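Engineer: Two chains, two separate frames, one set of hints: put the complex together.
Listed in order, the protein sequences are those of chains A and B. Residues in the first sequence are numbered from 1 upward in steps of one, following my numbering. Residues in the second sequence are numbered from 1001 upward in steps of one, following my numbering.
Source of the hints: derived by calculation from the structure; they are not laboratory data. Some hints here could point you the wrong way.
Examples of chain B residues toward chain A, derived with CB under 8 angstroms [unchecked claim]:
| no. | residue |
| --- | --- |
| 1 | G1028 |
| 2 | N1030 |
| 3 | A1038 |
| 4 | Q1041 |
| 5 | F1064 |
| 6 | F1069 |
| 7 | L1088 |
| 8 | T1101 |
| 9 | F1104 |
| 10 | G1107 |
| 11 | T1111 |
Just so you have them, the derived chain B footprint on chain A, three or more residues with Cβ under 8 angstroms [to be verified]:
| no. | stretch |
| --- | --- |
| 12 | 34-47 |
| 13 | 104-111 |
So these bits of chain A aren't anywhere near chain B, every CB distance computed over 10 angstroms [claimed, not checked]:
| no. | residue |
| --- | --- |
| 14 | A13 |
| 15 | R16 |
| 16 | S28 |
| 17 | D67 |
| 18 | S70 |
| 19 | L80 |
| 20 | P116 |
Nothing here was measured: the structure is a model prediction, and the numbers come from that model. The beta-carbon is built from N, C-alpha and C at its ideal position, and this holds for glycine as well.
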Amino acid sequence: DAKTTQPPSMDCAEGRAANLPCNHSTISGNEYVYWYRQIHSQGPQYIIHGLKNNETNEMASLIITEDRKSSTLILPHATLRDTAVYYCIVRVRWGNSGGSNYKLTFGKGTLLTVNP
Amino acid sequence: ETGVTQSPTHLIKTRGQQVTLRCSSQSGHNTVSWYQQALGQGPQFIFQYYREEENGRGNFPPRFSGLQFPNYSSELNVNALELDDSALYLCASSLDRSTDTQYFGPGTRLTVL
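Same shape as in the complex, but just chain B (with noise of 0.2 angstroms):
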């Protein structure tokens, strides 16, 4: 069985640009989140993806947006990055948006300079 997978491992962009980072969910699992860490802090929820539609949103702005396919791999977009947006961005899957256990990719560390 093959774990959560994200790409890529580790992304360099300056301030204004824009960004996209991909998922891969676990095998036969349909619900994604998002997650993002700064340094020294637990993960911060960005939001859901069920079924290809967002299942709801933590407290970060619009600017952060993203996707779902029919495979139920996912992607994370940030536009007009700034320099907070600095952090680990961690994808996790579970088997359904009712169930329990969320498994984590490794992450993606991304800098903005």
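Same shape as in the complex, but just chain A (with noise of 0.2 angstroms):
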């Protein structure tokens, strides 16, 4: 599986951008990177994912570097409700049998803190 590598925590200010680096050097070129977040005990929330380009939508921009091996994480305005473990995932083709199954594969994530 390939392996991702987050800090273990980041502080951010309220209203600055919060910028979480994930490094994946071992990543295939046709795998996914993806992000969730998960807010004490509850489930993780999707929030963004990409293979190559950059993306962007309503909760964040994902950065992918042109060799694939780090991408970064941008939450444009942090707020106090983004204070949450965020994981960077890359999604891993597996199965039992043919064709395209998918699973992922969740490390001890970044804990953000955005203070007041």
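Structural biologist: Now the structure itself:
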């Protein structure tokens, strides 16, 4: 499985941009990078995903380096409610038989604390 | 559109007992995955169901089993509960096994005494 490396924790001031890094140096060419977050004791929430190009949605932006070995999740204007554990995941193709089956392999993520 | 729901929210069992956890997938989703999350750890994949068949499993013993029903809802059954089974159990649904995004439910907190 492609593995990811994230810092265990980060702080950010409210209203500022939060930039969360992730290394995935063993990623294969057709593997996507996914970001989820988990607010204390709730289910993980999907944020964004990408393959090669930078992506943006209403929650965040995802910047993937040209060699695809690392990426950065950007929360443009962090609020207190963005305090959570953020998981960077490389979606891995697997399965009992042929076909496109996928699973998510979570690490420990980055605890982002947004401070007032 | 209804999201993924799970029941019960919390559960307390004793060692050796059996437990059944339930998950209703998001409308239109035919694939359900189950994860176990121990305290302080990321979720760990247990198994996945696609169109009522187990589609693969992670490194969990056979006493972890599941079902998926024709309406794509799912159950996770754990027999002979052990103390280490205490965890948050998460269910995630996706549109299809070959598509990308998995959407998670709120989880069931299981405590084994």
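Engineer: Work down the list of hints and note, for each, if the structure agrees.
Structural biologist: Hint check:
The beta carbon of B/G1028 is not positioned within 8 angstroms of any beta carbon in chain A (closest approach about 16 angstroms), and the interface hint is therefore violated. A cut of 8 angstroms between beta carbons decides the hint on B/N1030: the least distance to chain A is about 13 angstroms, and the hint is violated. About 11 angstroms separates the beta-carbon of B/A1038 from the nearest beta-carbon of chain A, more than 8 angstroms, and the hint is not met. Taking 8 angstroms as the C-beta cut-off, the interface hint given for B/Q1041 holds, the closest approach to chain A being about 7 angstroms.
Interface restraint check: B/F1064 against chain A, minimum CB-CB distance 15 angstroms, threshold 8 angstroms, status violated. The closest approach between the C-beta of B/F1069 and any C-beta of chain A is roughly 20 angstroms, which is over the 8 angstroms cut-off, so the hint fails. With its C-beta approaching chain A no nearer than about 7 angstroms, B/L1088 sits inside the 8 angstroms limit, and its interface hint holds. The interface hint given for B/T1101 holds, since its Cβ lies 5 angstroms from the closest Cβ of chain A, which is under the 8 angstroms cut-off.
Checking B/F1104 against chain A: minimum C-beta separation of about 4 angstroms stays under 8 angstroms; hint holds. Interface restraint check for B/G1107: the shortest CB-CB distance to chain A comes to about 5 angstroms, inside 8 angstroms, so the restraint holds. The interface hint given for B/T1111 is broken, as the beta carbon of that residue sits about 13 angstroms from the closest beta carbon of chain A, more than 8 angstroms. By the rule of at least three residues with a Cβ nearer than 8 angstroms to a Cβ of chain B, the coverage given for the stretch 34-47 of chain A holds, with 8 such residues.
Given as covered by chain B, the stretch 104-111 of chain A passes the check, having 6 residues with a CB less than 8 angstroms from a CB of that chain where 3 are the minimum. For A/A13, the non-interface assignment is confirmed: its Cβ lies about 26 angstroms from the closest Cβ of chain B, beyond the 10 angstroms cut-off. Remark: the non-interface label on A/R16 is consistent with the geometry, its nearest Cβ contact in chain B lying 26 angstroms away (cut-off 10 angstroms). Against the 10 angstroms criterion, A/S28 stays outside the reach of chain B, whose nearest CB is about 16 angstroms from its own CB.
A/D67, annotated as away from the interface, keeps every beta carbon of chain B farther than 10 angstroms; the closest lies near 22 angstroms. The Cβ of A/S70 lies farther than 10 angstroms from every Cβ of chain B, with a closest approach of about 19 angstroms, so its non-interface assignment holds. In this structure A/L80 is separated from chain B by more than 10 angstroms, as the shortest Cβ-Cβ distance comes to about 21 angstroms. Separation of A/P116 from chain B is adequate, the least Cβ-Cβ distance of about 26 angstroms exceeding the 10 angstroms criterion.
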